[in-house]
Amino acid sequence: MNIRIKNGRLVDPANGADRRADVFIAQGRIAGVGECPAGFTATRTLDAAGCVVCPGLVDLSARLREPGFEYRATLESEMAAAAAGGVTSLACPPDTDPPLDEPGLVEMLKHRARLPEFAKVYPIGALTEKLEGKRLTEMAELAEAGCVAFGQANIPVVDTQVLQRAMQYASTFGFPVWLQAQDPYLARNGVAHDGEVASRLGLGGIPVVAETIALAGILHLAQATGARVHLTRISSAAGLEMVAAARAAGIQVTCDVAVHHLHLSEGDIGWFDPHARLDPPLRSLADRDALRQGLASGAIDALCSDHTPVDDDAKLVPFAEAESGATGLELLLPLTLRWAAEMELPLSTAIARVTCDPARILGIAAGTLSVGAPADVCVFDPAAQVTVSREHLRSQGKNTPFLGASLAGRVRWTLVDGVPVFG
Amino acid sequence: MSAIHPQLNARGELQHLLSLDGLPRDILTRILDLATPFTEVAEREVKKVPLLRGKSVFNLFFENSTRTRTTFEIAAKRLSADVINLNISTSSTAKGETLLDTVDNLAAMQADMFVVRHAASGAPYLIARHLAATGGDHIHVINAGDGRHAHPTQGLLDMYTIRHYKQDFENLTVAVVGDVLHSRVARSQLHALATLGVPEIRVIGPKTLLPTMVDRIAGPRGLRVFHDMREGLRDVDVVMMLRLQNERMQGALLPSPQEYFKSYGLTPEKLAMAKSDAIVMHPGPMNRGVEIDSAVADGGQAVILPQVTFGIAVRMAVMALLAGA
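Quick note, the sequences are listed as chains A and B, same order.
Numbering (the numbering used here) for the first sequence: 1 to 423.
Numbering (the numbering used here) for the second sequence: 424 to 748.
These aren't lab readings, by the way, just hints derived from the structure by calculation.
Cβ coordinates follow ideal geometry from the N, Cα and C atoms, glycine included.
Hints are supplied without guarantee of correctness; some may be wrong.
As the list claims (entries may be wrong) - FRET-style restraints, in silico, Cβ to Cβ:
| hint | chain 1 | residue 1 | chain 2 | residue 2 | range |
| --- | --- | --- | --- | --- | --- |
| 1 | A | 342 | B | 434 | 53 to 63 angstroms |
| 2 | B | 650 | A | 104 | 32 to 42 angstroms |
| 3 | B | 520 | A | 387 | 29 to 39 angstroms |
| 4 | A | 71 | B | 635 | 49 to 59 angstroms |
| 5 | B | 635 | A | 392 | 55 to 65 angstroms |
| 6 | A | 387 | B | 507 | 41 to 51 angstroms |
| 7 | A | 312 | B | 635 | 29 to 39 angstroms |
| 8 | B | 712 | A | 267 | 52 to 62 angstroms |
| 9 | A | 387 | B | 594 | 45 to 55 angstroms |
Unchecked claim - Not the full set, but computed from the structure, chain A residues with beta-carbon under 7 angstroms of chain B:
| hint | residue |
| --- | --- |
| 10 | 194 |
| 11 | 199 |
| 12 | 201 |
| 13 | 202 |
| 14 | 203 |
| 15 | 271 |
| 16 | 272 |
| 17 | 314 |
| 18 | 316 |
| 19 | 321 |
| 20 | 323 |
Claimed, not checked - Rough simulated footprint, nothing fancy, chain A against chain B, three-plus residues with beta-carbon under 8 angstroms:
| hint | stretch |
| --- | --- |
| 21 | 447 to 461 |
| 22 | 628 to 640 |
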């Protein structure tokens, strides 16, 4: 199928492009941009007048809940959500049940996800067996099965010697190590940022030092082992400063932030709203503002949805007993646009943080509309408003603090390898 | 996040009593005013008024507390309500029923009022939200203590006690002493003191037992934090002691009850720093020799037993107000 996307505003940050240009797609790849390639005849034309045409979004963290948590979500429901959200590539963390610590499990997931209407799935393999932080996984085997990096989701490796060896072993093969910085002792019994709101509501606090102390350990080990470390879900201004200082000192490290943490803070817990129970916790307004600024400046490399579908039963309980996480695949684009608008950033900067920047971290051929690249495309109407509702969300997870919110940015079409999967 | 506190209805009236945080001053004062005539009911030969006749009050205690449950039971019975006591920590949730399933079942039994005690902060909010969402908003929820968050009727009875002995709040210096971090009582007291305009509110305790941002608990006006008890008690009018749970010795919060008593136990010698007519309060049950010396607990400045008596009247007032009496 040859597709022509016409009349749209092309935003392709990897090529510094923000202009009116048609996009031509043939054999699943970008065949031309602006000028019609010789001999090209469109079998289908998409009229993108008033819309932005950009690379499909690359999400660094989307929990698909398979295997093990199919009552929360299935590959089918979450892939439909990805398509509706303009997401064409996604990394899934290893905290499935069982965790992604065996090649067979990874192969099965890759096989299940191989349908043409699905986004491309990049599993993050478990760094340690069962994520227990004791024994290393067969990383080389897991990489062959399709893992692009190794991590622990949000379960810390407590034994620093194991962490050091895991990083040494991963760096032997050049595998990136993804880690979330949280000291488990300082976070013990904590359910919210240890600040004004937790003090007032009587909730167990997770102090900022839980992040910075763990970060210090990871950064020292990154330097000592030479491992390529990606820090997931930075949550505090102090943590961000440490990452910036480490980079200035020449340590190879990248980091991301979850989209909720750009917009919400501890105050959004309100009167114990379990939808605002997130991991890491929503922190103070000053932290939130530092994250917004850091993402704009590039001190934070990428933005992700941290998509975590949770069933109603696990949220309709008192705040401290609720499971953490929020659905996010379908909110990533509109919330990215809202951040960019509030920060008065160029659209291309915003798009970069959810396309070419995360693709670079994953080391995958995605996030650009260069001629010859896979035709993973998102076409969206930046002015169209969407009201977030349970009915509107395709994800099986209806858990979001943004229920009822009206957000600008509606996806018109999503294409994966040149095949329209949404619209 | 809604601007209106979930315990108020659209007309700004009290629908539930969930917290003293965000409870308007006029409602708070109204409850205290309403409690005064109820103190006299207890002195009659027939200790009953018919305000809640035909109403069913369910005591839902997901966490054991004989004392608090009993005071609510007495209050409801003096208002002529039917009282059903449910000790749920040992019944249905142990069989796997969820909190909201339990609530649905009891709502179907035509309950008029739920008195809820739960170990998790915010649990009564969940119940109130659920009732509103399922058409059960004719049922009133009274928070009888949720986790570390709030114990509003205790806070109210403490305010009643202060008003009884000190008449008004505008010239007082009040100190709350002890384990504020884990105390729902302290949070309710601090909110009420701030709402009622107490000009100087102090908290006294070791850093391990004070919340990180304790100075912001009672709103933007702030309060004064002391770690030296003698200094903190200087010239106060009211001393509000908090109970120290034994399990605080675990988890490296405190070394020993003995050392705690030495630094933060209320002895006659430390009490001498306060004004000579200062009153001493305690929410009970007391740990003599841990947070309070027997000489103080049984001394002339203690108003601990009157607190219990006033507690019945205040709980009657809350129930009567919710029932629209």
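Hint check:
1. Taking the beta carbon of each, residue 342/A and residue 434/B are about 35 angstroms apart, not inside 53 to 63 angstroms as hinted.
2. Taken as a hint, the range 32 to 42 angstroms is violated for the pair residue 650/B and residue 104/A, whose Cβ atoms sit roughly 58 angstroms apart.
3. At about 35 angstroms, the beta-carbon gap between residue 520/B and residue 387/A stays in the expected band of 29 to 39 angstroms.
4. Taking the beta carbon of each, residue 71/A and residue 635/B are about 37 angstroms apart, not inside 49 to 59 angstroms as hinted.
5. Range check, residue 635/B to residue 392/A: about 38 angstroms between beta-carbon atoms, so the 55 to 65 angstroms window is missed.
6. A C-beta distance of roughly 43 angstroms is found between residue 387/A and residue 507/B, which places it inside the suggested range of 41 to 51 angstroms.
7. Taking the beta carbon of each, residue 312/A and residue 635/B are about 32 angstroms apart, inside 29 to 39 angstroms as hinted.
8. Residue 712/B and residue 267/A have their C-beta atoms about 42 angstroms apart, which leaves the hinted 52 to 62 angstroms range violated.
9. For the pair residue 387/A and residue 594/B, the beta carbons lie near 52 angstroms from each other, so the given range of 45 to 55 angstroms is met.
10. For residue 194/A, the shortest C-beta to C-beta distance to chain B is roughly 5 angstroms, which falls under 7 angstroms, so the interface hint holds.
11. Because the smallest distance between the Cβ of residue 199/A and any Cβ of chain B comes to about 4 angstroms, under 7 angstroms, the interface hint for this residue holds.
12. Against a cut-off of 7 angstroms between C-beta atoms, the interface hint on residue 201/A holds, since the closest Cβ of chain B lies about 6 angstroms away.
13. Of the supplied interface hints, the one on residue 202/A holds, with its beta-carbon coming within about 3 angstroms of a beta-carbon of chain B, less than 7 angstroms.
14. Checking residue 203/A against chain B by beta carbon gives a least distance of about 6 angstroms; that is within 7 angstroms, so the hint holds.
15. The restraint placing residue 271/A at the interface with chain B holds, with a minimum CB-CB distance near 5 angstroms, inside the 7 angstroms limit.
16. Taking 7 angstroms as the C-beta cut-off, the interface hint given for residue 272/A holds, the closest approach to chain B being about 3 angstroms.
17. At its closest, the beta carbon of residue 314/A sits 10 angstroms from a beta carbon of chain B; the interface hint therefore is violated under the 7 angstroms criterion.
18. Given the 7 angstroms rule on beta carbons, the hint for residue 316/A holds: about 6 angstroms separates it from the nearest Cβ of chain B.
19. Taken as an interface hint, residue 321/A checks out: its beta carbon lies about 6 angstroms from the nearest beta carbon of chain B, inside 7 angstroms.
20. A cut of 7 angstroms between beta carbons decides the hint on residue 323/A: the least distance to chain B is about 14 angstroms, and the hint is violated.
21. With a cut-off of 8 angstroms between beta carbons, the stretch 447 to 461 of chain B has 0 residues touching chain A; three or more are needed, and the interface restraint is violated.
22. Coverage of the stretch 628 to 640 of chain B by chain A holds. Counting CB-CB distances below 8 angstroms, 6 residues qualify, and the rule asks for three or more.
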